[in-house]
Amino acid sequence: MVLALALFVLLTMAPFVWLLLSSFLEQKALISTPPDLSLASFTLANYREVISSAAQLAKGIRNSLIISGFTTCLALLLGAPAAYALARLNVKNKDLLLLLILAAQMFPAIVIVIPLFIAASKLGLIDTRTNLILVYLSFNLPVVIWVLRGFFYSLPSGLERAARIDGATTIQTFRWIILPISLPPLFAAASFAFIEAWNEFFLALIMTRQNAQTVPLVISSFAGQYQTIFGQMMAAAAISIAPIMLLTFLLRTTILRGFADGLLKG
Amino acid sequence: MPVIRLEKVAKSYGAVEVCRAIDLEIADREFVTLLGPSGCGKTTTLNLIGGLDQVTSGSIFMDGRRVNDLEPIDRDVAMVFQNYALYPHMTVAQNIGFNLKLKGSSQDEIRLRVRATAESLDLLALLERYPSELSGGQQQRVAIGRAIVRQPKVFLFDEPFSNLDAALRNHMRGEVKQLHARLGVTSIFVTHDQEEALSISDRIAIMREGRIEQFATPDEVYSRPATTYVATFIGHPRIDLAPIQLEERSGTVYAKAGKAEFPLNQTQRHVLSSHGGQLDASIRPEHIALAPRGLNVLINDVQPVGPATLVRFAWDGGSAVARLNGMVRLNTGAHANVAFNSDHLLFFDRATGKLINTHEQGTLHEILA
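Going down the list, the sequences are from chains R and Z.
Going by our numbering, the residue at position 144 of the first sequence is 144; the numbering climbs one at a time, nothing skipped.
Going by our numbering, the residue at position 341 of the second sequence is 1341; the numbering climbs one at a time, nothing skipped.
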């Protein structure tokens, strides 16, 4: 069991280790076969380069933060009440709604990217952050609703009954009783939405040109037509995953508890 | 004027009828218990009165006003739940004050009333604690505090002590009784524990399969149970029924259960002779005594319980259980002679299971005295 888990960890960690390793290697050492891992070829030059030509990366990070941040906030703001209503209240055609929500995120991005692009260009939203926020929201919201609904569904009804006896309306119950005890799943859903938006590449590639470029696009720009500067690309990638790593590390217990609550009992 | 009246109240979930045509009148300041085994509809009845559930048919009146469609808060009821249902993210003070906050009371007023409530329940030292830091008994006192702080017209208790251990349960029972004496608020208490019901109620509604079998004082349900169901449900140990026949011999009428013969008094004789149909009889354990010239019976079980000894026995034609004072030395499988105080016999119509009233009016209290 322990061995299997260790193997799994090794397998999932390997790309990251390689990413970090290559971000510290000279291009020459990296592209030789086998890669030259001797101490002499280690360098901080990649990071220096990336940071000194930082304007692009900084803009990408700022765009990504704004887009992911807004997507996450909106997904929770809309998703949490929707999930609560679908889990606990008498909603007409509840099953149909749930099915539609699930179906909404079953389409792969590539299927709907052209209609999305046309819609966005008609609205004049191409290469804007607003556009990516809306698009990401439409992909994240269904997942957020499903995760939170699972959690709300599993809550015992005692607290809501007590709140009703105390004279709370449905909205007051949701605001003062349900939300405060739902922080772990809310964090889990938030981190999911944030990471999804942060990492997304394909839609951002289609929908943006210069202004609204996100981090993954900036990183990919290190791959040129004639040569790819692997070391700098990896250094940029390392910098871009740092915020997510930090977030996940800080909230790790809350996130784990949240997913366990929402997914297992749902 | 009764403060709460239920008229033909019924509740079904799909095809399952949980409450069937319940009629109930509860007077102002009365302490009423709904008692019955699990699944008898007592908690559902409480939820219907409280407004947490909607009736399928029938009406609920409070102070003469039909309240079927009112929310709990508009019925002015407070409720204490079996699992306490305290808000886990709020302190004791916040839990107690939450309903005042919702009502829009001022901070100062909330603080004052929460403190006064906490003081009366001995919770002052715990005001800043969270529910998870409290014992079961303390949590239940907080739940009671949450109910009394807003001074409602009716208290509803849903098996509030069933998660507590026996000693604490006894203690809390006393506290609730004192609370009721002090505040005089009409209270409805749901329990499956007959001892609890008998010890705290003004009146008990004994429920069975969604109906009220008998609604009367604790004295009455014990000594004059309306049906065989109530007779056997109330009282420990559970009593037996024996089929009887009437027989007249040299001017005396006897109730005969096989070998056993019980001479009937004037009232019993009068009522039973004019009653057609077959009869069952029973008697509470304390009205049986050892008697050298009494009925010879076979002892099936002997249970010393401290101040008394419970003895189950049978004879040709019936069985019964006696509660003998003190520790009596008897052996299972042996024979003994017992006598019944036949004035205390309970007679039931076998077909309907209903009590046949053979007690003279007004004698009940003499009997109990």
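Because the hints were derived from the structure by calculation, they are not lab data.
A hint or two may mislead.
Stated by the list, open to error - Listed below are the simulated DMTMM-like cross-link pairs for lysine to aspartate or glutamate, each with C-alpha atoms no more than 20 Å apart in a straight line:
hint, chain 1, residue 1, chain 2, residue 2
1, Z, LYS1354, Z, ASP1280
2, Z, LYS1101, R, ASP36
3, Z, LYS1103, R, ASP127
As the list claims (entries may be wrong) - Listing some non-contacts, in silico: residues in chain Z with all C-beta distances to chain R over 12 Å:
hint, residue
4, ASN1047
5, ASN1083
6, ALA1147
7, ARG1150
8, PRO1152
9, ARG1224
10, THR1267
11, ASN1341
Every residue gets a Cβ at the ideal spot worked out from N, C-alpha and C, and that includes glycine.
Structure-based check of each hint:
{"no.": "1", "hint": "LYS1354/Z - ASP1280/Z", "in the structure": "holds (10 Å)"}
{"no.": "2", "hint": "LYS1101/Z - ASP36/R", "in the structure": "violated (69 Å)"}
{"no.": "3", "hint": "LYS1103/Z - ASP127/R", "in the structure": "violated (50 Å)"}
{"no.": "4", "hint": "ASN1047", "in the structure": "violated (8 Å)"}
{"no.": "5", "hint": "ASN1083", "in the structure": "violated (6 Å)"}
{"no.": "6", "hint": "ALA1147", "in the structure": "violated (8 Å)"}
{"no.": "7", "hint": "ARG1150", "in the structure": "violated (8 Å)"}
{"no.": "8", "hint": "PRO1152", "in the structure": "violated (9 Å)"}
{"no.": "9", "hint": "ARG1224", "in the structure": "holds (36 Å)"}
{"no.": "10", "hint": "THR1267", "in the structure": "holds (49 Å)"}
{"no.": "11", "hint": "ASN1341", "in the structure": "holds (49 Å)"}
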